[in-house]
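Chemist: Sequence:
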Amino acid sequence: MKIAYSSSTNISADQAIDLYIRSTLGERRPIHNRKAFENMYKYANLIISAWDGDKLVGIARSLTDFSYVAYLSDLAVDVQYQKQGIGKQLIEKTKSDLEPECMLVLLAAPKAREYYGPLGFEQHPSAWILKKGVK
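Under full-length UniProt numbering, the final residue of the sequence shown carries the number 135; numbering is consecutive throughout.
Warning: the hint list may mix true and false statements.
Computed list of lysine-lysine pairs in BS3-like fashion (alpha-carbon distance at most 30 Å, straight line) [to be verified]:
1. 95 - 2
2. 95 - 83
3. 132 - 2
4. 42 - 132
5. 132 - 83
6. 55 - 93
7. 55 - 131
Label pairs and their calculated CB-CB ranges [what the hints assert, rightly or not]:
8. 135 - 80: 39 to 47 Å
9. 126 - 1: 34 to 42 Å
10. 123 - 1: 14 to 22 Å
11. 10 - 124: 16 to 24 Å
12. 69 - 3: 23 to 31 Å
13. 107 - 65: 12 to 20 Å
14. 133 - 6: 33 to 41 Å
15. 42 - 118: 17 to 25 Å
16. 1 - 133: 28 to 36 Å
17. 2 - 34: 27 to 35 Å
By construction, these hints were calculated from the structure, which means they are not laboratory data. Remember, predicted model here, so these are calculated numbers, not experimental data. For every residue, glycine included, the Cβ atom is placed at its ideal position computed from N, Cα and C.
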């Protein structure tokens, strides 16, 4: 199987939702809110996708200034394609679109906490989240 990677292919909300469901990231994303997904992909400014033919099998969606910091908000790989290096390649291709000194920051999904350390990420002790509806 030859996986192709792209930073220029447009991803529809339906394609993204389908992948998030197949990757388990849908457990933590608003997959029932199509408008939210449209905005997630409209306003992200660095998206790398992985394709097996015409099937979307992976995605890295980031918000970045390309120089100082990139927030890798979503890394999703279809469960049938996991453990084949696709996630690692998506991260590498994301990094290659950034300036060399640009930090890559993410919040790990509970099932992926052990994934990032071996890739060179350092755990940061002071991440803070303000959830919606909290005053």
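Chemist: Hints first: check each against the structure and report whether it holds.
Modeler: Taking the hints in turn, this is what the structure says about them:
Note on residue 95 and residue 2: the hinted pairing holds, with a Cα-Cα distance of about 21 Å set against a maximum of 30 Å. Of the pairs offered as hints, the one joining residue 95 and residue 83 holds, with about 20 Å between alpha carbons and a cut-off of 30 Å not exceeded. Distance restraint check for residue 132 and residue 2: the Cα-Cα separation of roughly 41 Å exceeds the 30 Å cut-off, and the hinted pair is therefore not satisfied. Note on residue 42 and residue 132: the hinted pairing holds, with a Cα-Cα distance of about 21 Å set against a maximum of 30 Å.
About 34 Å separates the Cα atoms of residue 132 and residue 83, which puts this hinted pair outside 30 Å; it is violated. Distance check on the hinted pair: residue 55 and residue 93 sit about 19 Å apart at the alpha-carbon level, within 30 Å; holds. Our distance criterion of 30 Å between C-alpha atoms is broken by residue 55 and residue 131, whose separation comes to about 33 Å. In this structure the supplied range 39 to 47 Å holds for residue 135 paired with residue 80, their Cβ-Cβ distance being about 42 Å.
At about 41 Å, the beta-carbon gap between residue 126 and residue 1 stays in the expected band of 34 to 42 Å. Checking the proposed 14 to 22 Å range against residue 123 and residue 1 shows it is violated: the Cβ atoms sit about 33 Å from each other. For the hinted restraint 16 to 24 Å between residue 10 and residue 124, the CB-CB distance of approximately 33 Å leaves it violated. Evaluation of the 23 to 31 Å hint for residue 69 and residue 3 yields a pass: the beta carbon distance comes to about 27 Å.
For residue 107 and residue 65, the Cβ-Cβ distance of about 18 Å falls inside the hinted range of 12 to 20 Å, so the restraint holds. Distance hint check: the CB atoms of residue 133 and residue 6 are about 36 Å apart, consistent with the given range 33 to 41 Å. In this structure the hint that residue 42 and residue 118 lie 17 to 25 Å apart at CB is violated, the actual value being about 33 Å. Range check, residue 1 to residue 133: Cβ separation about 43 Å, and the 28 to 36 Å hint is violated.
With their beta carbons about 31 Å apart, residue 2 and residue 34 fall inside the hinted range of 27 to 35 Å.
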